[in-house]
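Chain X is already provided as a structure; the job is to place chains C and G on it using the hints.
Chains as they are written, first to last, in the numbering used here: chain X, 672 to 847; chain C, 672 to 847; chain G, 672 to 847.
Don't read these hints as lab results, they were simulated from the structure. Any given hint might turn out to be false.
The list makes no distinction among identical chains, and a pair is therefore deemed to hold if it is satisfied within one copy or across any two copies.
Lysine to any residue pairs mimicking SDA-like chemistry, simulated, CA-CA at most 25 Å apart [stated by the list, open to error]:
#1 K826 with A756
#2 K826 with E696
#3 K826 with T706
#4 K695 with A756
#5 K695 with R815
#6 K695 with Y827
The primary structure of each chain is shown beneath.
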Amino acid sequence: MILTGPEIVREREEGRLVLEPFDKEHIQPNSYNLTLGPTLALYTGGVLDTREENPHTTVDIPEDGYVLQPDRIYLGSSLEVLGSAHHVPIIRSRSGAARLGLFLHVTADLIDIGSIGQSTFQMHAVQPVRVHAGDRLAQVTFWRVQGEITLYDGKYQGSRGPQPSQIHRDVTQAAR
Amino acid sequence: MILTGPEIVREREEGRLVLEPFDKEHIQPNSYNLTLGPTLALYTGGVLDTREENPHTTVDIPEDGYVLQPDRIYLGSSLEVLGSAHHVPIIRSRSGAARLGLFLHVTADLIDIGSIGQSTFQMHAVQPVRVHAGDRLAQVTFWRVQGEITLYDGKYQGSRGPQPSQIHRDVTQAAR
Amino acid sequence: MILTGPEIVREREEGRLVLEPFDKEHIQPNSYNLTLGPTLALYTGGVLDTREENPHTTVDIPEDGYVLQPDRIYLGSSLEVLGSAHHVPIIRSRSGAARLGLFLHVTADLIDIGSIGQSTFQMHAVQPVRVHAGDRLAQVTFWRVQGEITLYDGKYQGSRGPQPSQIHRDVTQAAR
Chain X
672 MILTGPEIVR EREEGRLVLE PFDKEHIQPN SYNLTLGPTL ALYTGGVLDT
722 REENPHTTVD IPEDGYVLQP DRIYLGSSLE VLGSAHHVPI IRSRSGAARL
772 GLFLHVTADL IDIGSIGQST FQMHAVQPVR VHAGDRLAQV TFWRVQGEIT
822 LYDGKYQGSR GPQPSQIHRD VTQAAR
Chain C
672 MILTGPEIVR EREEGRLVLE PFDKEHIQPN SYNLTLGPTL ALYTGGVLDT
722 REENPHTTVD IPEDGYVLQP DRIYLGSSLE VLGSAHHVPI IRSRSGAARL
772 GLFLHVTADL IDIGSIGQST FQMHAVQPVR VHAGDRLAQV TFWRVQGEIT
822 LYDGKYQGSR GPQPSQIHRD VTQAAR
Chain G
672 MILTGPEIVR EREEGRLVLE PFDKEHIQPN SYNLTLGPTL ALYTGGVLDT
722 REENPHTTVD IPEDGYVLQP DRIYLGSSLE VLGSAHHVPI IRSRSGAARL
772 GLFLHVTADL IDIGSIGQST FQMHAVQPVR VHAGDRLAQV TFWRVQGEIT
822 LYDGKYQGSR GPQPSQIHRD VTQAAR
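Isolated chain X (complex conformation) (with noise of 0.2 Å):
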């Protein structure tokens, strides 16, 4: 079950789900929408690789926005910082963000229950689209459980801005 928009509020108020900062002209239906953050990463090498580090670099949005290119992937974040111990929240674009062909997420939508941070966003535009620090781009879902709950304890718990992508510490672990 998805909770509606009054359910959100409900639960963040009972302490069940947190979503800071707070506005109510924020919420939807049945969902809350996310503000991009003031800063992006772009991976700076050329092919990227799933067992090595990957560099980058961030740059942060000027006044005037900033032009996302389609031939690269960049890491926004949210503003808001989210997450529950009770419920999954699921990220998406808002419809207007999606209807100029920008992708907020790369088909990694899914908040593990009991991680707690700034969402990273996996931005791809397919025509270059201008975009703003403060722009309300996302939202995020939350929904209900079956079964005993596990809280997340990874790599990426209480992030802060855009988080690249730690899948080659996948390989160093097995190593070890």
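The following block gives chains C and G in isolation, referenced to the frame of chain X:
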């Protein structure tokens, strides 16, 4: 919880969800197939902008189909009018379309509860793909909600045909 | 409702879902990690068509990996056989893969209830990415259903390895 195919049929018969026209051949184990309508919308400008109105044009899909090019976002729509005041619809590709590299949405797949209309598809082709009006490219699932329901009353209500982004109205409204 | 990690384990032990081979290291708070199998499929023609059979070839991923190029759709598959006659599986990227700009599906992420097999990944890279057989790129979640269950009995049942699109058979079947 996601409604099974037979439950979608039952809920529709009880007037708790809309799927028109309805064809029982479209029922799947957990979803209902949606058909591509006859019109596509494309943006005509260069760089798109989340804070500007982005000019667009529409094209009718010819009898022998229309080739979607990889460097563009196309907005299509379902032939079917759909929605529900009780369940949350979520749109996705059928696997046959996706296995040709055809995205049917750009991560905005959730339809607000209470929104009834033809659904706008956010279409993006990884390689050139010829599509045809009447192709069964998409499917809709329906999800149960938890909590008090506030029905959608937004800018895309009652949509017919593909609807371009209205995200720039966020700024206009905030500036009032 | 989405099953928690411990509930996925419990349901598997009761024979209500299939995940083979099973490795408890793959259990996540709300999902189970899936591994990339050794073979990829690619289309060999120019313009793909929803109403034609689209020729394809397969490649084996070399020992030192295979670089996915941005202008192509690749079909991969899970090493794991998975499915359920009781719950609906949904596939997505792990965040580590997505943060490299690697799509694991092209908006067809839902597996019909009753469909058991190796899952076909619809892979698309925003920038060139080297992948390796055995990479844990994806994850599967399981969702409770509401309503009477009709098991999947379609054209991709019992899949082994990546399965190209069969959407052109829609037309052939309608023409019968």
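To see whether the hints hold, each was checked on the structure:
1. In this homomeric assembly, K826 and A756 come within 25 Å of each other (Cα to Cα) only inside a single copy, at 17 Å, whereas the closest approach across copies is 34 Å.
2. Taking the shortest Cα distances, K826 and E696 sit within 25 Å of each other only across copies (15 Å), while inside one copy they are farther apart (32 Å).
3. For a Cα distance limit of 25 Å, the shortest separation of K826 from T706 qualifies both inside one copy, at 23 Å, and across copies, at 20 Å.
4. For a Cα distance limit of 25 Å, the shortest separation of K695 from A756 qualifies both inside one copy, at 22 Å, and across copies, at 22 Å.
5. Proximity of K695 to R815 under the C-alpha cut-off of 25 Å is found in both arrangements, the shortest distances being 22 Å within a copy and 23 Å between copies.
6. When the C-alpha separation of K695 and Y827 is checked against a cutoff of 25 Å, the pair qualifies only between copies, where the shortest distance is 21 Å, while the shortest distance within a copy is 28 Å.
Checked against the numbered hints given earlier, the structure satisfies every one of them.
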